[in-house]
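In order, the protein sequence lines correspond to chains A, B, C, D and E.
Counting in this note's numbering, the first sequence runs from 1 upward without gaps.
Counting in this note's numbering, the second sequence runs from 1 upward without gaps.
Counting in this note's numbering, the third sequence runs from 1 upward without gaps.
Counting in this note's numbering, the fourth sequence runs from 1 upward without gaps.
Counting in this note's numbering, the fifth sequence runs from 1 upward without gaps.
By construction, these hints were calculated from the structure, which means they are not laboratory data.
For glycine and all other residues, C-beta sits at the position ideal for the given N, C-alpha and C.
Some hints could be false.
What the hints assert, rightly or not - Here are the simulated EDC-like cross-link-like pairs (lysine to aspartate or glutamate), alpha carbons at most 16 Å apart as the crow flies:
{"#": "1", "chain 1": "C", "residue 1": "153", "chain 2": "E", "residue 2": "105"}
{"#": "2", "chain 1": "E", "residue 1": "72", "chain 2": "D", "residue 2": "101"}
{"#": "3", "chain 1": "A", "residue 1": "91", "chain 2": "A", "residue 2": "57"}
{"#": "4", "chain 1": "E", "residue 1": "136", "chain 2": "D", "residue 2": "33"}
{"#": "5", "chain 1": "A", "residue 1": "136", "chain 2": "C", "residue 2": "18"}
{"#": "6", "chain 1": "C", "residue 1": "53", "chain 2": "A", "residue 2": "57"}
{"#": "7", "chain 1": "E", "residue 1": "136", "chain 2": "D", "residue 2": "18"}
{"#": "8", "chain 1": "D", "residue 1": "3", "chain 2": "D", "residue 2": "33"}
{"#": "9", "chain 1": "C", "residue 1": "155", "chain 2": "E", "residue 2": "106"}
{"#": "10", "chain 1": "B", "residue 1": "91", "chain 2": "A", "residue 2": "52"}
{"#": "11", "chain 1": "C", "residue 1": "91", "chain 2": "E", "residue 2": "52"}
{"#": "12", "chain 1": "D", "residue 1": "91", "chain 2": "B", "residue 2": "52"}
{"#": "13", "chain 1": "D", "residue 1": "68", "chain 2": "D", "residue 2": "101"}
{"#": "14", "chain 1": "B", "residue 1": "53", "chain 2": "D", "residue 2": "132"}
Unchecked claim - Listed next, with one range per pair, are the computed distances between beta-carbon atoms:
{"#": "15", "chain 1": "E", "residue 1": "68", "chain 2": "A", "residue 2": "105", "range": "33 to 39 Å"}
{"#": "16", "chain 1": "B", "residue 1": "103", "chain 2": "A", "residue 2": "67", "range": "15 to 21 Å"}
{"#": "17", "chain 1": "A", "residue 1": "136", "chain 2": "E", "residue 2": "130", "range": "58 to 64 Å"}
Here is what each chain is made of, one letter per residue.
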Amino acid sequence: MAKIGVADTTFSRINMAEFAIGTIKKNSKHQIERYTVPGMKDLPVACKILFEKYNCDIVIALGMAGPKPIDKQCSHEASLGLQWCQLMANKHIMEVFVHADETNDDRGLYQIAKNRTEKHALNAIELLKGSEALSKYAGMGKRQGKEDEGPVKTK
Amino acid sequence: MAKIGVADTTFSRINMAEFAIGTIKKNSKHQIERYTVPGMKDLPVACKILFEKYNCDIVIALGMAGPKPIDKQCSHEASLGLQWCQLMANKHIMEVFVHADETNDDRGLYQIAKNRTEKHALNAIELLKGSEALSKYAGMGKRQGKEDEGPVKTK
Amino acid sequence: MAKIGVADTTFSRINMAEFAIGTIKKNSKHQIERYTVPGMKDLPVACKILFEKYNCDIVIALGMAGPKPIDKQCSHEASLGLQWCQLMANKHIMEVFVHADETNDDRGLYQIAKNRTEKHALNAIELLKGSEALSKYAGMGKRQGKEDEGPVKTK
Amino acid sequence: MAKIGVADTTFSRINMAEFAIGTIKKNSKHQIERYTVPGMKDLPVACKILFEKYNCDIVIALGMAGPKPIDKQCSHEASLGLQWCQLMANKHIMEVFVHADETNDDRGLYQIAKNRTEKHALNAIELLKGSEALSKYAGMGKRQGKEDEGPVKTK
Amino acid sequence: MAKIGVADTTFSRINMAEFAIGTIKKNSKHQIERYTVPGMKDLPVACKILFEKYNCDIVIALGMAGPKPIDKQCSHEASLGLQWCQLMANKHIMEVFVHADETNDDRGLYQIAKNRTEKHALNAIELLKGSEALSKYAGMGKRQGKEDEGPVKTK
Chain A
1 MAKIGVADTT FSRINMAEFA IGTIKKNSKH QIERYTVPGM KDLPVACKIL FEKYNCDIVI
61 ALGMAGPKPI DKQCSHEASL GLQWCQLMAN KHIMEVFVHA DETNDDRGLY QIAKNRTEKH
121 ALNAIELLKG SEALSKYAGM GKRQGKEDEG PVKTK
Chain B
1 MAKIGVADTT FSRINMAEFA IGTIKKNSKH QIERYTVPGM KDLPVACKIL FEKYNCDIVI
61 ALGMAGPKPI DKQCSHEASL GLQWCQLMAN KHIMEVFVHA DETNDDRGLY QIAKNRTEKH
121 ALNAIELLKG SEALSKYAGM GKRQGKEDEG PVKTK
Chain C
1 MAKIGVADTT FSRINMAEFA IGTIKKNSKH QIERYTVPGM KDLPVACKIL FEKYNCDIVI
61 ALGMAGPKPI DKQCSHEASL GLQWCQLMAN KHIMEVFVHA DETNDDRGLY QIAKNRTEKH
121 ALNAIELLKG SEALSKYAGM GKRQGKEDEG PVKTK
Chain D
1 MAKIGVADTT FSRINMAEFA IGTIKKNSKH QIERYTVPGM KDLPVACKIL FEKYNCDIVI
61 ALGMAGPKPI DKQCSHEASL GLQWCQLMAN KHIMEVFVHA DETNDDRGLY QIAKNRTEKH
121 ALNAIELLKG SEALSKYAGM GKRQGKEDEG PVKTK
Chain E
1 MAKIGVADTT FSRINMAEFA IGTIKKNSKH QIERYTVPGM KDLPVACKIL FEKYNCDIVI
61 ALGMAGPKPI DKQCSHEASL GLQWCQLMAN KHIMEVFVHA DETNDDRGLY QIAKNRTEKH
121 ALNAIELLKG SEALSKYAGM GKRQGKEDEG PVKTK
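Next comes chain A alone, as it looks inside the complex (with noise of 0.2 Å):
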């Protein structure tokens, strides 16, 4: 069995680790390390943490970035700590990020932000059996957070 970091931040609106850890525990056996942060631009620090103090295989880092333009360059900013994080650690990240302006009720956030959250729990599930686990669905158009836009058509 594997460990799977999931690092979360106060926030979000949404609990988003709880989707996380339901989908790890009913599709798989791994271990489970959970790292709450402020906001987005703490997770990548939390993420290196999860790797070299806890072990962690995979980090599964959930951030909420608000509508205005400074958001837009705080998840950047994140996005890039989170680069740099896997590239020093030589692992993965599942980067998953809801945006504010993607919808606009809660409802609809909440549900984005299910299903982005649960579809790259199971990425990070596939990634820990191999680097061809996913070669499968290769080109198929896979969409986290809405319907799949699945491969082109060329006929």
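The hints should help you fit chains B, C, D and E onto chain A, whose structure is shown.
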């Protein structure tokens, strides 16, 4: 007891370090190490030195950004520096940046700076307790510098 | 013989890895190592693992970006991750990204993806031959995904 | 006595190093090491060399940016380079950048460059004294290149 | 004698390496090492390899960027890669990028590319002489790719 670094600037129009130091003293017995630099972009290396030379366990980085596009660019560069610093040190930095265009009078700016600094000082104290100390607030829509937004309403 | 990594995504609506693998097999006897991840931003660490764990000599990173501003931000973050990865590994990654807004129908997208992937697979094979293997084409206005522009006309 | 690096450019239309060197000599007995490069983007590695080969304790990086969008991109890249450099060296760089669009005549540009360079040369001297040397000015709204803004007025 | 790396691309519509090599041969006895890659974003790791595998003392990185927003993003990513590369190697890279939108005809583009490349090849030769070789031109408003602007006029 841990050691908390408080890094602040002469550029800021508000002595944010006072709020941070007051909150830490009131709510903990942690040691405090102060480091004052000219501006935001001098904060990342100050934090690095606070971690490596002064052995701080966490740092609160306090900065104020002007209202112009070049100021947003500066805060973006400072934020990325703080990301790298955290990943190099494997320790948290609470980024407490106030933007001059968040409000249109000095009084409002002061309130935002005070509220954001004090709440993040408390966050720092919580993070020192461990990775799940903040989990009870996960997904609660916590905000610093203004009222909490609270969790989504789906019913 | 060298080992070429082929990293691709389930997000892409086209199985770009097939084009890359077909071109490599047709034009060389290099070994191929496949790695499929969910999306673009998962490619950099996959490339890093292909270099370090699978001993690849070069990697072809295949991704498709959506048409929205947030998608451009994602591809920018992925590109920066690929830059760091290459500098850490001292090995080339051929970045083959297709943007949904490069054309307005699935057929066109398919042609761009096929042409760009195949040409960059050939570039990877050339780079494995040495630092001057491509010098004969220097300044020739080569393009991937569309017709070459050719050198400037100054007469 | 410490050693202060002064890095400047041939791109700049003002000999900013003269202001820096004059201020350092007038206010301290620190040694000075000069490094002149073509443009802004050559400054970060010059600073790195000043730290590692010339053993500078702090560097003042002097640059001038043109007025076009591509010039803003250049100064952003240079600033990020300076961030990494500082974090790698654990030493401060005073970034003194003047932007051609800050004013509309040569005379104004000269005044900004002189004022900003001299004030940051003094900041460098202060930082060499220790982490709290500037704390007496914390939150005072200090500015370089123009008049101080001063602290907020809340009464 | 030192060794100068010349990195160029097949994407460029002008054989900029010829200008660089011609200028180096005419003005010095330095060795030259050539490295041709597909595009701009392949230059940073090529420079890294020129430093580490080929022992170059300095590199001239020659690239041409297209006129679209995505091309600006590419050149930004390449520039950041060059920044990191220099900081990792402690050696200079002369970034010589030509942007297709700097002029509106092939002839003008050729002149810019030739002028910028030749001037930066001379800059590389000067930097090899030491940190103050260019100090005599500090603040002189030197430009590459066009006429020098010269120092500000304050009288």
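Results for each hint:
Distance restraint check for residue 153(C) and residue 105(E): the Cα-Cα separation of roughly 9 Å lies within the 16 Å cut-off, and the hinted pair is therefore satisfied. Only pairs whose Cα atoms come within 16 Å are accepted, and residue 72(E) paired with residue 101(D) is rejected, the gap being roughly 21 Å. With a C-alpha separation of about 7 Å, the suggested pair residue 91(A) and residue 57(A) falls inside the 16 Å cut-off, and the hint holds. With a CA separation close to 15 Å, the supplied pair residue 136(E) and residue 33(D) stays within the 16 Å bound.
This hinted pair checks out: residue 136(A) and residue 18(C) have alpha carbons roughly 12 Å apart, not beyond 16 Å. A threshold of 16 Å between alpha carbons decides the hint, and for residue 53(C) with residue 57(A) the separation of about 15 Å falls inside it, so the pair holds. Note on residue 136(E) and residue 18(D): the hinted pairing holds, with a Cα-Cα distance of about 12 Å set against a maximum of 16 Å. For the proposed pair residue 3(D) and residue 33(D), the alpha carbon gap of about 7 Å is at most 16 Å, so the pair holds.
With a C-alpha separation of about 9 Å, the suggested pairing of residue 155(C) with residue 106(E) holds against the 16 Å cut-off. In summary, the hint linking residue 91(B) to residue 52(A) is supported, as the alpha carbons are separated by about 12 Å, within the 16 Å threshold. At most 16 Å may separate the alpha-carbon atoms for a hinted pair to count; residue 91(C) and residue 52(E) meet this at roughly 12 Å. Between residue 91(D) and residue 52(B) the alpha-carbon distance is near 12 Å, which keeps this suggested pair within the 16 Å criterion.
Distance check on the hinted pair: residue 68(D) and residue 101(D) sit about 9 Å apart at the alpha-carbon level, within 16 Å; holds. Only pairs whose Cα atoms come within 16 Å are accepted, and residue 53(B) paired with residue 132(D) is accepted, the gap being roughly 14 Å. Between residue 68(E) and residue 105(A) the Cβ separation comes to about 36 Å, which falls inside the hinted range of 33 to 39 Å. Between residue 103(B) and residue 67(A), the C-beta spacing of about 18 Å keeps the proposed range 15 to 21 Å intact.
In this structure, residue 136(A) and residue 130(E) meet the distance hint of 58 to 64 Å, their C-beta atoms being roughly 59 Å apart.
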